[in-house]
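Trainee: Chains as they are written, first to last, in our numbering: chain A, 1 to 260; chain B, 1 to 149; chain C, 1 to 270; chain D, 1 to 111.
For the record, the hints were derived by calculation from the structure and aren't laboratory data.
Be careful, since some hints might not be right.
[Unchecked claim] Pairs of lysine to any residue, SDA-like flavour, derived with a Cα cap of 25 Å: (1) C:K162 to D:M1; (2) A:K139 to C:L108; (3) B:K3 to A:P137; (4) C:K189 to D:V6; (5) A:K139 to C:R50; (6) D:K68 to C:D128; (7) C:K187 to D:K2; (8) A:K139 to A:I42; (9) C:K57 to A:P137; (10) D:K68 to D:L33; (11) B:K108 to A:V173; (12) A:K139 to B:V6; (13) C:K56 to A:A231; (14) B:K3 to A:D138; (15) A:K225 to C:K162; (16) A:K2 to C:G262; (17) B:K108 to A:K225; (18) C:K57 to A:I42; (19) C:K187 to D:L92; (20) D:K94 to C:D128; (21) A:K2 to C:K162; (22) B:K3 to A:A113; (23) C:K162 to D:S50; (24) C:K208 to C:G32; (25) A:K139 to C:G262; (26) C:K83 to D:E4; (27) C:K208 to C:Q33; (28) D:K2 to D:Y99; (29) B:K3 to A:P41; (30) C:K83 to C:N18.
Predicted model only: the values in this text are computed from it and were never measured.
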Amino acid sequence: MKTVESLGSSLLASLEQTGRTFLLLLIIAYRIVQPPYNLYPIVRQIYFIGARSLGVIVISGVTIGMVLGLQFYNTLERFGSVDILGSAVALSVLRELGPVMTALMVVGRAGSAICAELGIMRISEQVDALECMAINPDKFLVAPKLLAGIISVPLLTCVFSVVAIFGGYFVGVVLFGVSEGSYLNGMIDAVVWSDVRLGLVKSLIFGLLVTLICCSKGFYIHLTKSGSLGAEGVSYVTTDAVVISSIAVLFSDFLIGAIL
Amino acid sequence: MNKINVQLITGIFVVIGILSFSYLAITVAGASFVEQPGYNLSARFTSVSGLRPGAVVEGAGVRIGTVSSIEFDPESFEAIVELRINDGVLVQEDAIAAIRTQGIIGEKYIKIVPGGFEELLTDGMQIYETESAISLEELVSRYIFQTEG
Amino acid sequence: MTQETAIEIRDLVVEYGNRRILNSIDLDIPLGQISVIMGGSGAGKSTLLRSMLGLKKPTSGAIRMLGTDICTASPGQLQEFRKQMGVAFQGGALFTSMTVGENIQLPLRQHTRLDENTIQIMTRIKLDMVNMLPHEHLMPSELSGGMTKRAALARAIIMDPKLLFFDEPSAGLDPITSAELDELIIKLKQSMNMTIVVVTHELESVFKIADRIAILGDGGLILAGTPEEIRASDDPRVVGLLNRTPRQVNVDVDQHLRRLSGLQEASDKK
Amino acid sequence: MKHELVNKPDFDVLVLSGDIDLHHSPTLRERILSSLKGGRPLLIDMQEVSYIDSSGIASLVEGFQTAKSSNLHFGLLSISSPTLQVLAITRLDKIFSLYETEDSFIEILEL
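Required output: the full structure, derived from the provided sequences and hints.
Mentor: Right under this line is the structure:
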């Protein structure tokens, strides 16, 4: 009986949170179009979410590209078609791995920090202070993060894809001696605009999802059980935010792939 | 971290991102959305199986254009392929457009075999002589048929 | 003498879920004076403060502040009203990503179109008022407890508010620092003619700064009046609070013993 | 806030009246600074000022600073006691040159 009860209440709680999260999106969409418009907070958030993630993205991009180069080379060599190595690497990076890996990296590096920052601001009364200063916290705190997420994640995804293609190039061409022409031209011939566009659409949606979930988790910490736990509560919601946004990325990746 | 530094680094990041995007869109995606100088030809095939928009058009093994679109004509039950041929490449009226495969599981491409007429095709015209995609099954069955005969 | 009231609280009831925190509070806070709201932990002080700040919607009742009923005000009206009030939160609530100076300037930058020079000078004037001028460029994490409170106070008064709320000014401070803060509050009232509401549970400063005192207990208003009236009161709860005597609980020996030994539930169920 | 600039033989007088708050101080600042550009000493007549907030005071401080750097006299005339208290809390009463009458300002100028 207890188990059923707790299952039910946690289901209700997660439904409530989902509702709140989408409501937050609507509120922000409404707030963004209202003046005043301030650019610097958005720049600051792009700096934090995007620019500061560049290193991680480059390193993981190169690594993933090299792994793909290695694996595809081994497989394709058995069929004697190593000349499609370039297109194999490029297509899997552009359509799948680029957007997904970038989004997961952003969750780990920036998403957790966003959630913790907002959570701490809430429990240390900074959000209340903003409200008392007649400054709208949705617009002042959440909107720049959301916009920066939507801008930064696609840009990071492009960087990731480019360095991954060259990671694959390094393994295929430099290490295994696939001809440079067949790697690059094969890739150029195989990839069409719709592949790049798919990756771009995915990364836009991931960018929005990740920042939205992490913002909502931290920003609404006071409405959950963790809200009364202080610093410990912040660590709980941050963990939640990372897990939920990672799953949301993977699941929506499947959905977008199925629809588009 | 002062304001100017943040703005500078963010600016650099955005530039790197946009450059990466341009590389992907223009070079890797083969500029399939940027009109390259050239002219359009069409060709009808009974089968284009495996050919995709963006595929290469070759003449004598050299890239001379790309496939810009593939459409189905319900009346004749044929595929209409639009080709974008680079400027300066001359295609005779009796040239043959043939769909070929690179390697066994490689990409499909269109090969232009030059003709002997002096009249040249211009923008919007059609290549009448075509050879459709040869599927592996057809090849095998034809081979069996030949040995029997 | 007719006193003008700055805040008029009528029949205020506040509930969290099913728990009733404030039960029918009636309170007047006069204009241009320092009113102190005090009471023990859990007496409902912070709930009352949050209601007055418009952060917690009351279940019923009215709070009229400077002529605006903030319980029924539209978001736009509330926004306009809030530009006339300043709040210094208990923990300071300074924004950790900004320097002290930037924190203090924030309301000006958001709400006014003043010249950059004017903003800078105003910031320094306010910092000087709270003796924080040398620390303008520090980050909040580099401040001590007393400095944080003073910086928060400077931010609260940057727009020259008519109404200033101060939550627990002396909590967690050493006696000297908290005495300095008390003097600052008095100075602000005198020179800027502000109405100041201080919420505290510490006795030391109350009689030094207060023009009016309201004592809360168990969600209700026990007594409101001048410091003299409060001192003269013979209400046991007021006397207890002033003399810091622990609450008297009548102990039934048998029952208490049963409670401690865990037999309570068993006997209740019978 | 109302303001009027009076040109005297050797100096300008800026006569202010009413409330000076966040909405008015940008005008006040602009008036003070443009008057000082003329290179003449400036006396601000504050007799009719009922209320001045810290943005107004900030404008006065900036004017005083500007005047000082171009070696001009900058005085405040007949400040009311509430305003004086606001100045006192930030020790600005010791910084500004305060005058009771216009004549005392002229005396200083002639020195």
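Trainee: What are the numbers of the hints the structure violates, in ascending order?
Mentor: 4, 7, 15, 17, 18, 21, 25, 26 and 30
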